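Enquirer: These protein sequences, in sequence, are chains F and H.
Last residue of the first sequence: number 130 in my numbering, and the count goes up by one each step with no gaps.
Last residue of the second sequence: number 126 in my numbering, and the count goes up by one each step with no gaps.
No wet-lab data here; the hints were simulated from the structure.
Be a bit skeptical, because a hint or two may be false.
Unchecked claim - What follows is a set of in silico ranges between Cβ atoms, one per label pair, in the way DEER data are often shown:
1. A13(H) <-> S57(F): 17 to 25 Å
2. D44(F) <-> K28(H): 36 to 44 Å
3. T20(F) <-> S84(H): 34 to 42 Å
All values reported here derive from a predicted model rather than from experimental measurement.
Backbone N, C-alpha and C define an ideal beta-carbon position, used for all residues, glycine too.
In case you want the letters, here they are:
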Amino acid sequence: AQKITQTQPGMFVQEKEAVTLDCTYDTSDPSYGLFWYKQPSSGEMIFLIYQGSYDQQNATEGRYSLNFQKARKSANLVISASQLGDSAMYFCAMREEGSQGNLIFGKGTKLSVKP
Amino acid sequence: GAGVSQSPSNKVTEKGKDVELRCDPISGHTALYWYRQRLGQGLEFLIYFQGNSAPDKSGLPSDRFSAERTGESVSTLTIQRTQQEDSAVYLCASSRDRVRATEAFFGQGTRLTVV
């Protein structure tokens, strides 16, 4: 079974609007971390935001926030006030404490911001 | 160095030849990951090193692939008898801790082309 599922291969959003990128995960480990990375067309992987399984509040980093719903095992990324520079691939990833900390990625969502 | 360094940045090799890809992690980072990313695809986990623990080799696609890391230093990914299907960007990442709120820092990748 896939550990990380991103069901949206591609998304479009109008500039200045908010967009939600979906991510669900599968784990029986009580301790884990969830990450979002951005990969622009240049290829580098850019860390965006982190959520720990024991964190009580949803993580926020500037225009990025993580909608963490533990019971549903979802960790959606919300980007507010989209900018043209947000056009990129977005990857959700997870590390489980029990698996020695291996970092597993989803297949990604390609976000295109329209002017 | 300040970041994760990978070399070479580009490698073109003939089918059947062996190649070695190098990753120099950030100093002090105990965890090191190798991923493969085919054109337009997500990150495919290959192998994970954590300190002096036995590496997680569960992602290696065949016995033509191997990787080594001595302690917390440089890692080398070796592909023997390369095939055209091995053409991809090979990404290396390192992080300071196993699970907790430490992002993985990525290198710029090695673009491997097998002709």
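Enquirer: Each of the hints needs a verdict: does it hold here or not?
Expert: To see whether the hints hold, each was checked on the structure:
1. A13(H) <-> S57(F): 17 to 25 Å: holds, 18 Å
2. D44(F) <-> K28(H): 36 to 44 Å: holds, 41 Å
3. T20(F) <-> S84(H): 34 to 42 Å: holds, 35 Å
Checked against the numbered hints above, the structure breaks none of them.
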